[in-house]
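Colleague: Each chain is listed here by its residues.
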Amino acid sequence: MTERFPLFSRCLSVFWVVMVYAFLYIPIIIFFIFSFNNAPFPAPWVGFTLHWYRALVYETDIWVAVGNSLMVAMSAVLLSSCMSIFLVFYAVSRSSKIKGLAAYFYGNLIVPEIVFAVGFLGLLTMLKVPLGFITLVIAHTVLGLGYMVPILYSRYCELDYRLLEAAQDLGATQLQAFFTVTHPLLKPSLLGAALLVFIISFDDFVLAYFCSGTTFQTLPLYILSMLRVGVSPIVNAFSTLLLVLSGILVIIYSSLTIRNRIF
Amino acid sequence: MNLLKKNVLKKIGDEAMPFALGIPAFLWQILFFYIPLLLVFILSFPTFSWEYFTPFFASEYVSVIVRTVLIALSTAFFCLCIAYPIVYLIVFKGGRFKHMFFLFLLLPFLTTFLLHIYAWMFVLERGGVINVLLQSVGLISEPLHLLNSSFAVIFVMVYCYLPFMILPLYSSLEKFDKRFFEASYDLGATWWQTLWRVLIPLSFPGIRSGFFLVLVPAFGEFAIPELVGGDKKMFVGSIITHYTMGAQTASLGAAFTLLTAFILLIVVVAVYGITVKIFKQ
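As given, the protein sequences belong to chains E and A, one line each in that order. If you count the first sequence from 1, position 221 lands on 319 in the working numbering, and the numbers rise without skipping. If you count the second sequence from 1, position 104 lands on 180 in the working numbering, and the numbers rise without skipping.
No wet-lab data here; the hints were simulated from the structure. Worth double-checking, as some hints may not be accurate.
What the hints assert, rightly or not - Dumping the calculated DSSO-like pairs for lysine-lysine here, alpha-carbon to alpha-carbon at most 30 Å:
1. 353/A to 254/A
2. 174/A to 254/A
3. 226/E to 174/A
4. 169/A to 254/A
5. 251/A to 174/A
6. 353/A to 285/E
Claimed, not checked - Calculated Cβ distances over 10 Å to all of chain E for the following chain A residues:
7. 129
8. 137
9. 138
10. 184
11. 189
12. 213
13. 258
14. 260
15. 277
16. 281
17. 320
18. 330
Stated by the list, open to error - Residues on chain E that point at chain A, a partial pick, calculated with CB under 7 Å:
19. 110
20. 114
21. 117
22. 122
23. 125
24. 210
25. 212
26. 236
27. 259
28. 262
29. 286
30. 301
31. 318
32. 323
33. 342
Note that the coordinates shown come from a computational prediction; the quantities given were computed from them, not determined experimentally. C-beta atoms are modelled at their ideal positions from N, C-alpha and C, and glycine is treated no differently.
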């Protein structure tokens, strides 16, 4: 098709790309525009104002929720990355790799979150544990382990084992070999997986709904309550802020890593 | 003798530390993952009978399950149809800007998932942007009833699960050896033939993992149907939530969860089997 109809296929490609990007960015753009609208939410354009951004700064509930989400996400990332590094170290120190170690952890991704949430809630009510920050962190760590262990372990299996052998031949103990050889090689995957777990935990809604109890509110729960009650452009302003922040982070990240390849 | 003992102890100590370090992950997993799953199983059979399962064979629950399965399958299918061309274009025709395109493709999804639902609610509703636009242009005379329907649910779900399809497809197509294209053209195949006989079979693991990465969470989803699907309890997730968060109905919730997990397993195995048959991989 590309040889017989070059112009057509090129137009089609451009059309498709434009359509998909438009589909992806329409809500974002609408959010952006309407966060400056001088009228409460679903209303046509009235006038430009920064009133909602000012109101956003004073709205304490949302910032408390954001703080909670950040704390939970950080703790979950920390816990799961420590535990998975230790697990990989354990796997490393055996002379033969444990076949299918990661398979024990695949279940975390395969089982739908809601099934896990129901079971976890059942466990907590059976043990009469009060729901709150700690229970949510535990749940998110389980999720995090499910992402980190397979990623780290498969990355480790792709490493050249001769590097480790060489290190030990040169006199390193297992611990030293791990820290000076394996760990730096695993670090990119570790950071990538940690970022992934952070985003997933920050965004996670199902587990927060089931396991965080009534007093502890994370950001998705806050947004859900706003959606049910009645929205206000403060949420628009917040999401625009979030998007600008993510955009800046993405641009910084890309300029650090792909600077050689684009410009 | 003392030296021997010291060496043996050192060896054991050397082995013990990694073992001690490896334990927390396993303990955590067993305690907080496998036991809850077991608990779901146990809770649904408190009296060793099927009594908590029988209410769910009524027709309205069956229709909910069927609807959920169909919507999840169509979500995965549409995600695939939308994502595959764009990833193909980015990877093979992107040139120098490949990474930038990819990053900008994923950028919208860095904001919270719920905000996207909120945004589409705003766009699709009666007084929302689409209707206002179409009315002002004159294409329709009264607002389209887009929200609170299956269409809205599928639409928003495709939007929210697109990155889960894009990522595996991208990593799978990135690894694709471009020389296969050249070889195929050299042997006389057209682009269309190459697509169906070379590219898709070879990128099939990526397609399959993307498909399941969308299908399984979409099946258990309950935020989207609750917010854009209307008041009726149309999805498996909503019913599970309703029963589990209710006061005395925890066992019913667990039973229904188990039932739907089982059905999901059957669906996944069926899809996997069908794809293996078709593509012989």
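Colleague: Which of the listed hints are not met by the structure?
Modeller: Failing hints, ascending: 3, 6, 10, 11, 17, 18, 19, 21, 27, 28, 29, 32 and 33.
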